[in-house]
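Colleague: Here's the letter readout for the chains.
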Amino acid sequence: MIYKGLLILSWIYIIFGLIGIFRFNNMYVRLLTSSKIDTVATITILIALIVKSGINDLSLRLLLIMIFIMITNPVNNHIICRSAYLNGIRIKGEIDK
Amino acid sequence: MKLIKENYKLFILLYIFWIILTMNFDFTNLVTGLIISIITTIGSNGILYDEHGFKVKGPKLLSMVKFIPRLMFEIYMSSFSYIIRIIKKDCDPVFVDVKLNTNNLLIITIISNAITLTPGTITINTDKNKLIVLSIDDPEKKGKDLAEEIIEKYEKIFK
Numbered sequence: 007m008i009y010k011g012l013l014i015l016s017w018i019y020i021i022f023g024l025i026g027i028f029r030f031n032n033m034y035v036r037l038l039t040s041s042k043i044d045t046v047a048t049i050t051i052l053i054a055l056i057v058k059s060g061i062n063d064l065s066l067r068l069l070l071i072m073i074f075i076m077i078t079n080p081v082n083n084h085i086i087c088r089s090a091y092l093n094g095i096r097i098k099g100e101i102d103k
Numbered sequence: 015m016k017l018i019k020e021n022y023k024l025f026i027l028l029y030i031f032w033i034i035l036t037m038n039f040d041f042t043n044l045v046t047g048l049i050i051s052i053i054t055t056i057g058s059n060g061i062l063y064d065e066h067g068f069k070v071k072g073p074k075l076l077s078m079v080k081f082i083p084r085l086m087f088e089i090y091m092s093s094f095s096y097i098i099r100i101i102k103k104d105c106d107p108v109f110v111d112v113k114l115n116t117n118n119l120l121i122i123t124i125i126s127n128a129i130t131l132t133p134g135t136i137t138i139n140t141d142k143n144k145l146i147v148l149s150i151d152d153p154e155k156k157g158k159d160l161a162e163e164i165i166e167k168y169e170k171i172f173k
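Chains A and B are the protein sequences, given in the same order.
The working numbering puts the first sequence at residues 7 to 103.
The working numbering puts the second sequence at residues 15 to 173.
Honestly, I wouldn't trust all of these hints.
Distance ranges between label pairs, derived from CB positions [unchecked claim]:
id : chain 1 : residue 1 : chain 2 : residue 2 : range
1  : A       : Ile8      : B       : Ile56     : 37 to 47 Å
2  : B       : Lys142    : A       : Met7      : 42 to 52 Å
3  : B       : Phe94     : A       : Met7      : 17 to 27 Å
4  : B       : Ile34     : A       : Ile25     : 32 to 42 Å
5  : B       : Ile56     : A       : Ile85     : 38 to 48 Å
6  : B       : Asn117    : A       : Thr78     : 20 to 30 Å
7  : B       : Ile82     : A       : Ile8      : 39 to 49 Å
Just so you know, the hints here were simulated from the structure itself, not pulled from any lab data.
Don't be surprised by glycine CBs; every beta carbon is placed ideally from N, CA and C.
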């Protein structure tokens, strides 16, 4: 029952993330929104799967994957955002478009 | 072989990670894991550690135990507030300069990683202990308050 609730919560995150990506015009806000799907939705799905599988080797592996994602996932968003920042894309200019 | 001897802890950790993740005790799988762990240990020489051992001093275990629940709480709290912002279409991004008090590289990395994990904030650049963070502007708070909020959330745990 709990895992179903968590899966529904992750769908809500994904749906609102997708709406946000199409709703905003600014590149930086789109990045902020897409990073939300990457992190929160993924973590929630993995927690739901851990709850579903109970205490066994599969849940241990899922926990390891979750830790791995929590360490490596922000690097993607950071690199995309940093390259935009270093290439001179400014926040104000983006809003004016 | 000398490099492996110098940093056998990393090698063992990587090999255990491989075995748990694959859960396959075939000879081919074990050898593949061994080779990949050796390559990774040798490849990370100079990045993570040098001849004197690990380059950075890790935070205390107790601080990490306190930090992880705090991080999960912050991730979920800010994800809900971000959903409200998406519905209202109220998102003005702003760059905030955050000056951390620590000079420990590992703690700076952990904090900037946590900032990026939290919905609504992304670490863009670092210059020693100064972080440039992309955040969402709040009319009630000014830039300084946003920076103080970030320090309050994460850095105080590592003190």
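Colleague: Evaluate each hint against the coordinates.
Modeller: Going down the list of hints, with the structure as the test:
no., hint, verdict
1, Ile8(A) with Ile56(B): 37 to 47 Å, "holds (44 Å)"
2, Lys142(B) with Met7(A): 42 to 52 Å, "holds (49 Å)"
3, Phe94(B) with Met7(A): 17 to 27 Å, "holds (22 Å)"
4, Ile34(B) with Ile25(A): 32 to 42 Å, "holds (38 Å)"
5, Ile56(B) with Ile85(A): 38 to 48 Å, "violated (25 Å)"
6, Asn117(B) with Thr78(A): 20 to 30 Å, "holds (25 Å)"
7, Ile82(B) with Ile8(A): 39 to 49 Å, "violated (20 Å)"
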